[in-house]
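Residue numbers (this note's numbering), protein chains in the order written: chain B, 1 to 286; chain P, 1 to 286; chain Z, 1 to 286; chain C, 1 to 286.
Fair warning: there could be bad hints in the mix.
[Said to hold, decoys possible] Mimicking BS3-like on lysine-lysine, the simulated pairs with C-alpha atoms at most 27 Å apart in a straight line are:
1. Z:Lys212 - B:Lys79
2. Z:Lys79 - B:Lys254
3. Z:Lys79 - B:Lys202
4. C:Lys254 - B:Lys90
5. B:Lys185 - Z:Lys212
6. B:Lys79 - B:Lys147
7. P:Lys281 - Z:Lys212
8. C:Lys212 - P:Lys281
9. C:Lys254 - P:Lys202
10. C:Lys147 - P:Lys254
11. B:Lys254 - P:Lys281
12. Z:Lys212 - P:Lys254
13. B:Lys281 - C:Lys254
14. B:Lys212 - Z:Lys281
15. B:Lys202 - Z:Lys281
The hints are simulated quantities; they were obtained by calculation from the structure and are not laboratory data.
4 protein chains.
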Amino acid sequence: VSTEAFVISLSCPNRAGIVAAVSTYLFEHRCNILDAQQFDDQSTGHFFMRVVFDRLPDAPQASEIDAGFAPIRAQFGMKQTLRALAERRKIIVAVSKFDHCLADILYRQRIGEIPVEIVGIIANYPRETYSGLDLGAIPFHHLPVSKETKLEQEAAFWATVQGSGAELVVLARYMQVLSDGLAAKLAGRCINIHHSFLPSFKGAAPYNQAHKRGVKLIGATAHYVTAQLDEGPIIAQDVEHISHRDTPEDLIRKGRDIERRVLARALRAHLENRVFLNDSKTVVFG
Amino acid sequence: VSTEAFVISLSCPNRAGIVAAVSTYLFEHRCNILDAQQFDDQSTGHFFMRVVFDRLPDAPQASEIDAGFAPIRAQFGMKQTLRALAERRKIIVAVSKFDHCLADILYRQRIGEIPVEIVGIIANYPRETYSGLDLGAIPFHHLPVSKETKLEQEAAFWATVQGSGAELVVLARYMQVLSDGLAAKLAGRCINIHHSFLPSFKGAAPYNQAHKRGVKLIGATAHYVTAQLDEGPIIAQDVEHISHRDTPEDLIRKGRDIERRVLARALRAHLENRVFLNDSKTVVFG
Amino acid sequence: VSTEAFVISLSCPNRAGIVAAVSTYLFEHRCNILDAQQFDDQSTGHFFMRVVFDRLPDAPQASEIDAGFAPIRAQFGMKQTLRALAERRKIIVAVSKFDHCLADILYRQRIGEIPVEIVGIIANYPRETYSGLDLGAIPFHHLPVSKETKLEQEAAFWATVQGSGAELVVLARYMQVLSDGLAAKLAGRCINIHHSFLPSFKGAAPYNQAHKRGVKLIGATAHYVTAQLDEGPIIAQDVEHISHRDTPEDLIRKGRDIERRVLARALRAHLENRVFLNDSKTVVFG
Amino acid sequence: VSTEAFVISLSCPNRAGIVAAVSTYLFEHRCNILDAQQFDDQSTGHFFMRVVFDRLPDAPQASEIDAGFAPIRAQFGMKQTLRALAERRKIIVAVSKFDHCLADILYRQRIGEIPVEIVGIIANYPRETYSGLDLGAIPFHHLPVSKETKLEQEAAFWATVQGSGAELVVLARYMQVLSDGLAAKLAGRCINIHHSFLPSFKGAAPYNQAHKRGVKLIGATAHYVTAQLDEGPIIAQDVEHISHRDTPEDLIRKGRDIERRVLARALRAHLENRVFLNDSKTVVFG
């Protein structure tokens with residue numbers, strides 16, 4: 001896809017004429033549709049659409065195209081955004097002791113695989129914990145937490161996010177349950193990786209739970225954070241086969257690979273504006 | 001999806017305005033788009049679109065909608081069809097000694113999973129070979145074949161297809177290489193299941209080839225038939241892990257499951273008008 | 001593997017010398033080990049072993065080999081069996097309205113893929129429900145069930161099993177919760193296919209639960225039946241990716257393929273004596 | 001598995017009594033078998049066995065156990081090794097421009113997932129190419145290569161391997177075809193990751209080949225290096241589904257994840273002595 005490409009994401013109550021209105025508008029403003037997907041959820045009546053387009057040489061500026069879209073937005077009651085696909089998004093990564101997901105995100109960022117600027121790392125362990133990683137000039141925020149300090153720590157967490165200009169927070173094995181208050185502030189802009197195939201094995205030590213139950217597959221789940229722990233809308237999941245030979249330690253090792261893969265997939269989908277909230281679920285255009 | 005739903009499939013050279021023209025036409029003819037996908041192949045300049053819609057109570061008949069589409073078809077140089085999604089398509093299934101794919105298609109047809117009417121079975125083995133299958137009243141054509149009789153047999157094959165009114169021929173482990181002449185007549189309307197992960201292990205006895213090479217995965221490939229054996233546009237593929245313990249017989253057994261699954265997936269995609277020919281490849285909307 | 005092959009399965013408390021004792025015994029009785037696997041569960045102290053062997057020309061009869069094994073059995077406190085691998089086992093299949101798993105088992109039996117003799121079908125729907133299947137001469141037992149008649153029906157179920165000589169009962173989408181009493185009688189000799197990826201979505205209508213939760217994978221689980229519904233030791237599981245486009249009906253359709261595949265895999269593993277109970281889990285040699 | 005565990009790997013012509021001899025020897029030398037797998041390849045007559053054991057408190061030293069094994073080795077014509085499972089093996093990693101596999105190996109080594117000491121990196125690009133990676137004190141050998149200098153470069157490559165004491169060379173996307181001479185010297189001790197699902201798409205630019213052919217799955221293959229390029233014994237393979245939407249660049253991106261996963265799996269299997277050469281194939285105990 002051209003580096004000059006733009007993406008429109010929109011959702012609204014379903015009714016006839018939405019696609020016609022959007023595509024006619026783009027055509028009349030000298031835009032060429034490269035890719036489009038839509039979904040009409042007949043059980044909820046919600047409509048979702050994602051359009052990737054580039055501008056013909058005589059097209060208006062993207063900002064004008066966006067501004068001119070206002071009447072359509074109003075007519076259909078749309079939530080709608082227009083972004084340049086190549087725009088680098090500012091993200092903060094929160095991490096605890098295990099850094100395999102952080103290492104993976106850093107690597108993908110470095111080779112240009114995901115268009116992000118990492119504007120901060122929040123960790124409840126000190127910086128030397130991650131001495132094997134090249135954190136470069138990324139601001140590092142050591143925010144240790146205990147039951148007693150959780151309130152203050154979360155206030156600092158939120159202040160850090162706000163101060164950074166990040167539009168997305170990635171809990172890359174952060175291992176702390178967010179309070180309802182912080183979860184509410186981050187709603188829709190915070191992705192967590194849970195190390196189980198939800199809704200199985202919610203809560204602590206899911207690999208131990210999986211080993212105890214004797215399941216034959218383990219998995220990981222990337223989801224948006226909500227106040228209900230482990231209940232947020234699921235973005236991506238994957239699994240791998242295991243056997244009776246696998247100890248809990250083997251599951252943890254195998255799980256690392258699944259976790260980083262699933263989180264990267266969810267992160268990419270989010271950054272490409274492929275993910276839409278649909279009540280307690282998501283729409284993810286492939 | 002409503003049983004009253006229709007599907008428009010179209011392809012044409014890419015240019016701006018196609019989506020706007022199609023969606024505006026449908027909107028103005030009182031149709032509601034339920035699902036739409038499009039793809040602009042930037043390497044070939046081909047554009048592909050599939051739209052599922054239902055008619056509002058005051059909409060014209062489907063035949064009128066189709067007829068009125070002619071100017072758009074002409075304007076963009078489209079190949080285009082409009083079908084009722086629930087319409088049962090007539091198919092012929094060709095089979096050789098091994099009947100696992102035939103058994104699977106019969107079962108899926110019987111429980112209503114695939115909307116087809118099986119208007120004939122062509123086999124190079126006699127009917128009693130399939131005595132464990134309930135063929136019901138499906139016309140059975142025993143067309144044995146040898147090198148000497150291949151010319152006549154293929155003529156009979158083609159006459160059978162024509163006489164049956166079938167719009168699709170499924171080679172469900174038919175195990176005969178079609179001549180260029182017959183392949184040409186069936187181009188675009190004949191799906192074959194090849195028991196390897198093409199392009200690996202073309203030709204005969206692919207499971208023996210796979211065993212000899214020591215691969216760790218085996219697969220199957222459903223593709224449209226072309227004059228070039230094993231080179232037709234691929235519709236669906238899948239694989240399973242194997243190990244050194246698997247004998248060629250184990251691969252054949254495991255392969256049966258992959259073959260019937262892949263063939264069913266390709267057949268369903270074709271019947272739902274999700275598959276488009278794109279030179280030597282396919283576009284398959286998910 | 002030779003059709004003359006035998007399989008020894010054994011489990012006992014772990015201690016040094018088991019493998020030496022077993023393999024030396026077989027060597028001294030003119031047997032050639034073709035395949036052997038063992039597992040020492042260090043968390044429970046249980047030891048499991050499966051040995052496939054064939055007899056050299058001057059070896060004793062299998063029955064003598066088995067009889068002579070008694071001292072080793074006693075020495076290590078083993079549960080142990082010796083079977084001919086090719087021996088056809090008698091099974092009963094129980095089914096409710098949906099017959100895709102039954103159809104699949106019948107097909108695999110017919111082509112010789114699984115070495116079983118189906119000595120009965122128990123159904124809570126009348127025989128005409130399965131008119132598309134060729135049940136041949138298999139005794140068909142219509143045992144309808146309601147809350148009021150459950151006690152009598154289960155007695156008839158059990159009498160049917162006993163009368164048939166079946167050593168294994170396969171609940172092939174039987175859709176009835178067995179009472180504790182019947183479950184106890186069938187413990188270790190009854191395999192159920194559950195249409196979810198346990199422990200997610202226990203209980204009724206798992207595909208509806210999965211759709212509601214918005215998971216991105218659905219699965220099926222084959223397990224031994226225990227008094228705790230959906231809690232029995234898991235033998236095999238598998239999953240497939242789904243998307244927001246999949247309706248509950250799509251999940252049911254996709255689920256059929258997973259269910260029959262997983263049940264067939266578990267059934268084959270059981271029949272080849274690859275599965276061992278290990279408290280609430282299983283050991284399954286690959 | 002205990003950090004005090006040892007592994008015996010052996011292969012020899014098949015005949016009766018091998019398992020009895022090995023297990024009796026271990027039992028008599030006060031060793032406890034934790035895991036054992038064997039395979040009798042009936043098509044080649046080769047026998048393979050891997051035994052993991054720990055020593056009881058009064059057992060001889062491992063070196064004595066190994067030395068005492070000589071008569072059994074001689075009796076059966078075995079190739080046999082005995083290693084401590086936790087022993088860190090010395091490896092050299094060779095890399096070209098793309099460093100995702102190198103980054104992955106470095107990370108797994110750092111967190112202790114694979115028991116290796118990386119005693120050198122050989123690269124045909126200068127060190128600054130990998131500035132995002134923390135190479136620590138690992139000796140870095142910049143060995144640029146061109147057609148004209150290939151002979152000298154390979155001599156330097158081989159001298160570097162010999163000088164390092166490495167017992168394994170990992171071609172982590174090294175992208176150079178080794179000459180027959182170098183390949184011969186590295187036979188059985190050099191693993192390559194090929195970025196296709198071999199035997200499909202041998203040779204250069206496999207992702208472009210895959211895109212052109214329109215396959216629906218791409219893969220990667222880890223194999224031992226032999227003089228026949230892309231023909232060495234396969235250790236591990238995996239694939240992912242792709243669609244018509246994936247450009248060659250998308251395939252390269254998706255391929256990175258498959259490549260590092262497959263290479264890591266093969267490397268782990270090799271290091272745990274699970275892999276045996278079996279003519280042009282491998283035996284890999286799971």
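Verification of the supplied hints:
About 23 Å separates the Cα atoms of Z:Lys212 and B:Lys79, which keeps this hinted pair within 27 Å; it holds. With a C-alpha separation of about 33 Å, the suggested pair Z:Lys79 and B:Lys254 falls outside the 27 Å cut-off, and the hint is violated. For the hint linking Z:Lys79 to B:Lys202, the alpha-carbon distance of about 37 Å lies beyond 27 Å, and the restraint is violated. Using a Cα cut-off of 27 Å, the hinted pair C:Lys254 and B:Lys90 holds, with the two alpha carbons roughly 23 Å apart.
Pair hint B:Lys185 plus Z:Lys212 holds up; C-alpha atoms about 25 Å apart against a cutoff of 27 Å. A C-alpha spacing of about 39 Å is found between B:Lys79 and B:Lys147, which places the hinted pair above 27 Å, so the restraint is violated. Restraint check: the Cα-Cα separation between P:Lys281 and Z:Lys212 comes to about 37 Å, which exceeds 27 Å; the hinted pair is violated. Simply put, C:Lys212 and P:Lys281 have alpha-carbon atoms about 8 Å apart, close enough for the 27 Å limit, and the pair holds.
Proximity of C:Lys254 to P:Lys202 is assessed by CA-CA distance (about 26 Å); at most 27 Å being required, the pair is judged to hold. A hinted pair counts as satisfied when its Cα atoms are at most 27 Å apart, and C:Lys147 with P:Lys254 does not qualify at roughly 46 Å. Of the supplied pair hints, the one linking B:Lys254 and P:Lys281 is violated, its CA atoms being roughly 36 Å apart against a limit of 27 Å. Pair hint Z:Lys212 plus P:Lys254 does not hold up; C-alpha atoms about 34 Å apart against a cutoff of 27 Å.
A hinted pair counts as satisfied when its Cα atoms are at most 27 Å apart, and B:Lys281 with C:Lys254 qualifies at roughly 26 Å. With a CA separation close to 8 Å, the supplied pair B:Lys212 and Z:Lys281 stays within the 27 Å bound. Proximity of B:Lys202 to Z:Lys281 is assessed by CA-CA distance (about 20 Å); at most 27 Å being required, the pair is judged to hold.
Going through the hint list in order, the structure does not satisfy hints 2, 3, 6, 7, 10, 11, 12.
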